[in-house]
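Novice: Next come the chains, spelled out residue by residue.
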Amino acid sequence: MGAPGRKVGIVAVQGDVREHAQAVAELGAQPVEVRTPGALSGVDALILPGGESTTMSMLLDSAGLRDPLVEAVASGIPVLGTCAGMILLAAEVLDGRADQQGLGGIDVTVRRNAFGRQRDSFEADLDVAGLEGGPFPAVFIRAPVVERAGPGVDVLATLDGRPVLCRQGSITVAAFHPELTGDHRIHERSLGGW
Amino acid sequence: MADQPTTSPSPERSTGTTRVKRGLAEMLRGGVIMDVVTPEQARIAEDAGAVAVMALERVPADIRRDGGVARMSDPAMIEGIKGAVTIPVMAKARIGHFAEAQMLEAMGVDFVDESEVLTPADEAHHIDKWAFTVPFVCGATNLGEALRRIAEGAAMIRSKGEAGTGNIVEAVRHLRSILGDLRKIGVADEAERFDWAKRLQAPLPLVQEIGETGRLPVPLFCAGGIATPADASLVMQLGAEAVFVGSGIFKSENPAQRARAIVEATTHYRDPEILVKVSRGLGEAMPGLEVGQLDTRLAERGW
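Order-wise, the sequence lines are chains A and B.
Under our numbering, the first sequence is numbered contiguously, ending at residue 241.
Under our numbering, the second sequence is numbered contiguously, ending at residue 317.
Don't read these hints as lab results, they were simulated from the structure.
Be aware that a few hints might be false.
As the list claims (entries may be wrong) - Below, computed lysine to any residue pairings styled on SDA-like, alpha-carbon distance capped at 20 Å: (1) Lys291/B to Ser109/A; (2) Lys291/B to Gly85/A; (3) Lys291/B to Thr83/A; (4) Lys291/B to Pro84/A.
As the list claims (entries may be wrong) - A short list of chain B residues far from chain A (calculated; beta carbon distances all over 12 Å): (5) Thr32; (6) Gly94; (7) Val183; (8) Trp317.
Only a predicted model underlies this, so the values are computations on that prediction, with no experimental measurement involved.
Idealized CB from N, CA, C, for every residue including glycine.
Extracted from the complex, chain B is given alone in its bound form (with noise of 0.2 Å):
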């Protein structure tokens, strides 16, 4: 018991490295974050166990719903939801949008979502994600995409799925087609490499990276069209790492027991018995729409 503090000065601190923001995304790992228009639905979220709250002002449902453009939303609305709930909060730039992302950066929110979900302010160019001390999650459909948001400084990824349809059939195509093209460099050589990184259109150390760790070096997440306990369980065993729900929770019958549900069978997603549990007697999901049908396909936007 003699171990006593060194009273040394303080030591320096570094804020905003790769370490600090990339340790935010894996805090998150295992959770949910829901989307959420008002500081009550913020407080129901935090209620059910979400691990953070996406802050905007429209759902993705009736961002498509009522068309036109899709922009940052008000300060006033992203405090309200800070100032309502403990635990992080998210908000979205439109993708190439650097003046919001400095605003939502300002404002002390958590985590930028460089998002499809709004219109795209830029397009060539995505934010330069590196320039900010706040991290990054940026949508995406395949490996490639996501290895060029992380080489623009993005601390997590999410697959792009079709936001605001409650289907979930394209977050399953757009993960598939990432975790499959990691399996598939984990097991190609050193030449076979330098061609994936080409066809990939990636930088190559970050397919050598993968091709060394067997997984990408941001956590990668699911958002776009989880509507059920089920789909959660679905994205979790496919092997996505936290979930994100958006028009899913709020758009439900009975929003506070669904998010209670979603949380849970994103713990024990390999459970189906606690996934009988919570699904029981949860009303009626979000209305759904088919993909096929759909005037606007959100993921086709960024590149």
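Okay, chain A solo, but in the shape it has when bound (with noise of 0.2 Å):
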């Protein structure tokens, strides 16, 4: 994932940022919890983890992130966001609330909860474009689930026909944990820049 010593921040108002930095650190960068605007500051890569979008979206914005995040979304650095993070990064979100407002970044339409409830939730092996040493073991739990994906964007992956790993550009959207499974190939792609 390039250059030890790289900085990978994640955004930690709430959510599963543990297994992230684990990740991140297991292949070599450095993890930063993002909490504040100052923790931005010359981080090379973005993870935006799972969790509940909702409560992310509102601490985000009680944090004064939103507008640096926009901001660094937009700048070209690799960015990867998994579930609630997929929520957070798409450009539209159908099922969520009225005042639930996205970083935008990715020209996806997103439903939240699309596979159903909690006992819904499962694993399932995908494959995924472009990625080698085989299938992906994918979690999807209360998962969304892209609706429409915009002409820039690649779909990497697929479940029942419907997109659950997309990239445009430099930032990649997960509706499942890469993070909860020890795999990190996709983290390794995705920071990489695929």
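Hey, can you piece these two chains together into the complex? The hints should help.
Specialist: Quick look at the structure:
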């Protein structure tokens, strides 16, 4: 994933920050928890973790992180969003709260809780385009799905014909949780720029 | 840009796995789970940034006041709350009452709390939680209790504290006990770990696992007595990974503002300046109870 000591900011207002930090550290980079705008300075890549997107969205506003994050995402550094992170990065959100506002960044429309409630949450092995080493073990937890992917968006994996892993430029979004499996291939590829 | 998804048949899906159950618990870390008794309260909680709500008929302070047998809530009431919010909904079953838990699972509740706040249904057996697709959270006062619940399939542990008192002292006692023993086992040698398993009355493989990782295999949250943003900060600094607030919000003078403040405090728990800012002018907290003067100690339920 590039030079050691590369700093990867992980937005840490809520959610499974520790698992992402562990993945980043195991790839030889330096995880940096981002709770305030100041923590964003000098980060070479950015992760928006899993968690509750409505909560995270509210806390981004109160922490003054929204504008700096929009700027960071637009700057072209590698960005990975998983589950709630995908919802936050999407251009449009369905079944969200009326006041739920994203960071934009990737031209997709996502639907929240698209696979049902927790009893419907599941694991499945996904074929990911361009990823070597066999299918990826994907964990879907009250997961969203991509309902529309814009013309500039590459769909890298689908489930039941619906996109669950997408990439546009330096931004990668996953409906599932690559941070929960110990398989760091998606972190490595997305933060390294595929 | 030649990458195209392969059009293979849909892969097999496994539901209710350990990873999926514990995974939802991981997603709630750093958040606040709020007790609500009406759809309106559920919306206030969601608006304030709750990561989940606990749907129940009476908050613990009222259960304590009313006495009698406390049971699972009316399905209509739980369904009303489910319909009001988009965040996960939890609900409580009595200790050992697997039929209540089966009903909660059938209703599509996202997490079942096998809770000492309700009147226990079985004096010897907790629910076999491996038998369910839905994840469970259980209370614990010490590490042995926590590991026994995990052995039974719990996907999340919370301190019991003393629910409905607005008094944080018991939750602090339980967290310090659990986290203190985790630290001690982290430096114990192999022979000492055998002894720890015996003393804790806990399965040896779990004791060996926490010896290696230094933490529980499932998230550890705090419950039982949180009433202020400062309480949330205290327990997060002690090592809790998220907080449950039961009576502390809707028994206070200004629930919406207090709920929001506790959410902020749980994220920024290490930042006293933010804690001061969000704590200013919150109005009266819930009335507190001295633990020494209680007739019923809920934390003593379960084993």
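Novice: Does each hint hold? Answer for all of them.
Specialist: Now the hints, each set against the structure:
A threshold of 20 Å between alpha carbons decides the hint, and for Lys291/B with Ser109/A the separation of about 12 Å falls inside it, so the pair holds. The suggested pairing of Lys291/B with Gly85/A holds, with an alpha-carbon distance near 19 Å, which does not exceed 20 Å. In summary, the hint linking Lys291/B to Thr83/A is supported, as the alpha carbons are separated by about 15 Å, within the 20 Å threshold. For the suggested pair Lys291/B and Pro84/A, the alpha carbons sit about 18 Å apart, so the restraint of at most 20 Å is met.
A beta-carbon of chain A comes within 12 Å of the beta-carbon of Thr32/B; the shortest separation is about 10 Å. Even its closest Cβ contact with chain A, about 16 Å, leaves Gly94/B beyond 12 Å, as expected for a residue assigned away from the interface. Here Val183/B stays apart from chain A, with its beta-carbon at least about 27 Å from theirs, past the 12 Å limit. Against the 12 Å criterion, Trp317/B stays outside the reach of chain A, whose nearest CB is about 27 Å from its own CB.
Of the numbered hints given earlier, the model fails hint 5 alone.
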